[in-house]
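Given only the sequences and the hints, what does the whole structure look like? Please build it.
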Amino acid sequence: MQNTRSIEITVGIFVALGMAALLMLAMKVANLSQFTEQAGYQVRAYFDNVGGLQTRSAVKMGGVTIGRVADISFDTNRFQAVVTLSIDLAYDRIPTDTAANIYTAGLLGEQYIGLEAGGEETVLKAGDEVTITQSAMVLEKALQEFLYNKTVKPEPK
Amino acid sequence: MIAMLASLGHRSLDFFKRLGRGSLFLLRVLASLPSLARRPGLVVKQIWATGVLSLVIIVISGAFVGMVLGLQGYNTLVTFGAEESLGLVVATSLLRELGPVVAALLFAGRAGTALTAEIGFMKATEQLSAMEMMAVDPMRRIVAPRFVAAIIAMPLLAAIFTAVGVLGGYFCGVGLLGVDDGSFWSQMQAKVLLIDDVVNGVVIKGLVFGAVISWIAVFEGYDAIPTSEGVSSATTRTVVHSSLAVLGLDFVLTGLMFN
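Going down the list, the protein sequences come from chains A and F. Using the working numbering, the first residue of the first sequence is number 1, and each one after it goes up by one. Using the working numbering, the first residue of the second sequence is number 158, and each one after it goes up by one.
Calculated from the structure, these hints are not laboratory results. Ideal Cβ placement from N, Cα and C applies to all residues, glycine included.
Some residues of chain A that are not near chain F, with every Cβ distance over 12 Å (derived):
#, residue
1, ASN49
2, ALA90
3, PRO95
4, ASP97
5, GLY127
6, GLN144
Dumping the calculated DSSO-like pairs for lysine-lysine here, alpha-carbon to alpha-carbon at most 27 Å:
#, chain 1, residue 1, chain 2, residue 2
7, A, LYS141, F, LYS348
8, A, LYS141, A, LYS60
9, A, LYS60, F, LYS348
10, A, LYS60, A, LYS125
As structure tokens, then:
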């Protein structure tokens, strides 16, 4: 047996470690607070429907992840969802007429934002708005339209 | 035929006798708990013996269980193109079931057996009787600190096991198999709830399993036949009974919590 002092110290470390593990589970796994924000500049984009998009979803350009969704909220004036994109500082030359679309990775996969570059000379800066957007494809809606078109026969002329 | 019935009756009577003795023993332990407030050092020493010394096996097993979950989960999910959900799969299975249960089984094997053997040998070498002669209550001096220490150590070990397991799954999924870093965490964070998963899973299950294991371990030690053979069979019983109790209770708790 070791002496009492070193036992007390190791027990203290053990309890602190256990508490830290619990804290990590609460913070990082159950996401009590988002304290892992990456450095980047933020731009806004308005969508009619964000579908299953979540905060921390990927923002991709040409298939490469260049940022994350920082925040999703609802604008009561425009009745649209406003998505704040946090884009890595390395990608600071994105044209202002870039289009933002919400895509789904695979049939059941997670949704992400795909940016397609435009041709403008001016580039997006922090606080700017991406004006050209296309909402998420809602599978139920598409299916409904498809079924409707299939079942309702066109009027004979 | 009659002999079989007789042996069945004998066994069931034995079982209930032990259960009764175990319950009375638990009451005596609980009654001697208040005296611990004056001697917290005893508990600290036992947390060292049960918790700190179990840390290595818990951390290593946690890492490997998490890594295996990452690999297997990936292989299953990738066929559906849903490998982004890997983080969610790893975290929920660890938090709800694997974390507390596997940590408890390891704890029973690592610390429970040590408790039983220690108390059993104290009895076999008549140290407990010697204490009683000196008017030192072995319940307060020996049994109660060990009982409390195991209950404190178990949820902490379960939390460490789970946290290391999640990191192991992250290492395998994101580091080796190329799952997207953000999806791994965001799917997990979107679906894992603090009260439902973290508190229910790790904390409450950890406390319950810790109480059951330490109860069985100290009772078996205290109740052991005071010979080497008796102590060895008591140690075996500790592992068998506490493993069965943990698995059975886990089913009941899961039914109550996640329905």
